[in-house]
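As a plain string of letters, each chain reads:
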Amino acid sequence: MREYLVESLLHACVAAAVVETLLRGWRLADPRERLAYRLLVLILPLVLPPVLGLLAPFRATPAFADSGALFASLHWRALRIAGLPVDALALVGAASLGVGLFIRDLTPLVRGRRSGLVPQPADGPDDLATTVAEIASRLGLTRAPAVRCVAAPGPVLFTTGAWRPAVVVSTGALARLDPEIRRAALAHELAHVARHDLLLGWAVMLARALLLFNPVTQVVARAAVLEMERRADDLAARATGAPAALAAGMAALGPRRGPANGGTKPGAVGPFNEFLADLFTKGRTVALEARRRRLLDAWPPAPSPLATARFTLSAAAVTTLLFFVV
Amino acid sequence: MAEDPRRSPGREAVSLIGSLVVVVALAGGALRALDAVPHLLTGERKGVTRVQSIDGTERVLGVRLFLPAFFPDTLQWPPASIRVYAGPPASSALAFAGRDGTPDRLMIFQAPGPLASVAMTLMPAVHTLHQTDVEMPEGSAVLLRVEFPDGRIGNDLVWYRPNETLALRYMGRADELVTIARSLRRRRP
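Chains B and Z, in that order, give the protein sequences. Under our numbering, think of the first position of the first sequence as 1, with each following residue one higher. Under our numbering, think of the first position of the second sequence as 1001, with each following residue one higher.
Since the hints were made in silico from the structure, they are not lab data. It cannot be assumed that every hint is accurate.
As the list claims (entries may be wrong) - Some chain B residues well away from chain Z (every beta-carbon gap over 12 Å; in silico):
no., residue
1, L46
2, A72
3, L109
4, P125
5, R138
6, A146
Said to hold, decoys possible - Derived, one-sided and incomplete: chain Z residues facing chain B with beta-carbon distance under 7 Å:
no., residue
7, E1012
8, V1063
9, L1065
10, L1067
11, M1171
As the list claims (entries may be wrong) - Just a sample of chain B residues kept apart from chain Z, beta carbon distances all over 12 Å, derived:
no., residue
12, L54
13, A60
14, D66
15, L84
16, R111
17, G201
Ideal placement from N, C-alpha and C gives every residue a C-beta, glycine not left out.
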C-alpha cells in the first residue's frame, strides 16, 4: 500500500511538473486544451500505478529500480531521519498537506449545505425565461434548464443539479445587472450546462477524494476547475458576442473583500477562521480578476496548431516517463 | 517554444516534437539526479539498497532468508543493517553489531539460486591467510582466515549449497563461526 501511495504521489509530481512546463512553454491559451492537460495530470496518478502494477509487475523489483527506473523510491527508503524512512516521512507530510487542501475546499460546500437557509422563491423579470431559452438554443442545448429566482439581497448566480441542471439567480443579482450584463452572466452559467461541467466537477471532486493524500492532485484539481470557468467564459462570450459584458458581470457579482466593500465573511469566528476566510476571498478575487482581464485583453484565445496531436504526444510522453518512475 | 501562427504545419510538428523531447529529457535527467542522491548520502554503491526489515528483504529477493539458531551473547539482535543487491547475482547482507559496539561483528551473505555467488558489492574482497575445508550437513564449505584492509583478522566461511550460496564473515573465533553456520535455518512463513 505504502509503495502504491508513494508511486502515485511521485507520478502526480512528475506529471504536473512536465505538463506545467509544456503549458507555459507552448503558451497554450485555449482553456479547452488546458483543461485536457489538467485532467491528464489528475487521471494518471490515479490509474497508472494499479494498471502498471498489473501489466508490468517487474517494475516493482529491485532489478528494475536499479537498472531500468529513472527514479526509484526504494533508494530513498534507505535514508532515515529521526529513525524514520524518508519516503514514509514525505508521505505523511504530503498527506497532511493534501488533506488540509481538500478540507479547505470541502468546508465551504458542507457549510453551504448545512446552513439550513431555504431560499424563498421570488418572481423574476418576465423576460428571464425567454432569455435563458434563447441563449440555451445558441449554445446547442436541446432543452433549456429551469430558472429558479430566489429572494436574496446578495449577488447569487449559479448552476445546480448534475443530472437536471437549473440556473439559480437571486433578486439581488438581478437588481445589480443591466440586461446585457445579465444576459452574459446567464450565458456563462448555461455554458457550464452545455459542457456538463457539473458532472465533470463531481468527477474531479471524486478524484480529489480518492487521492486525498496527494497535495499535487488537490492543487491541479483547483486549476482544472478554473479552466472549466474559463471555458465557460469563452463559450458565453462567443454565444453573446459580448466579452466585456461578461467581465462587467464578474465585477458586479464577484467576491468583495472588507467591510468597506460591504463584504462579509460567513463563519469567520476567531482569528484562524478569519485568516482562512480572508485567504479564500483573496484567492477567488485574484482568480476572478485574472479572468476579467483575460476577457478584456486577450480574448478570443488562439487555438494552438496541431492541438490533438500535441495532446496525444504529450500524454504518451508523460505516460512513458512515468513508467520509469517507481 | 513560443508559437508562431505563420509557421507551416511541418515546422510546427518538428518544433512540437523537439520541445517535447527536450522537456521529457530534462525531466528524466532531473529524476536520475534525484535518484542518485541517496547513494551519494549513504556512500552505498549503485545497485545496493538498504532494507529496513528481514521481511522486506525476503519480499525483495523473493526467498526466505537463513538465520542462525545459535546466536552468541556477544552479538546484538536485530541486524544493524540489511543491504540487498538486486543483481545479477541477487544477494543480501545482514550485518550484526557486537554488544560491545563493534560494527559488523557478524555478517551473513546469502545469494539465492543454483550456482549463485555473493555480489562483490556486498562482500568486499579481503586477503586470505589460510583456507581449510569444513564438514557441513549439505553441500561443501570452506573456512578462511582473512585479513581486512584495515589490518584486523577475522574468519570467513563460504558454504555452497545446492540452490544457494551462504557466506559468513565473523570477527571472532573460527569454531564459533562454524557453530553459527551449522545452526543456520531458513525462516518459516
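*Checked against the structure, which of the hints given earlier come out wrong?*
Failing hints, ascending: 2, 8, 9, 10, 11, 13, 14 and 15.
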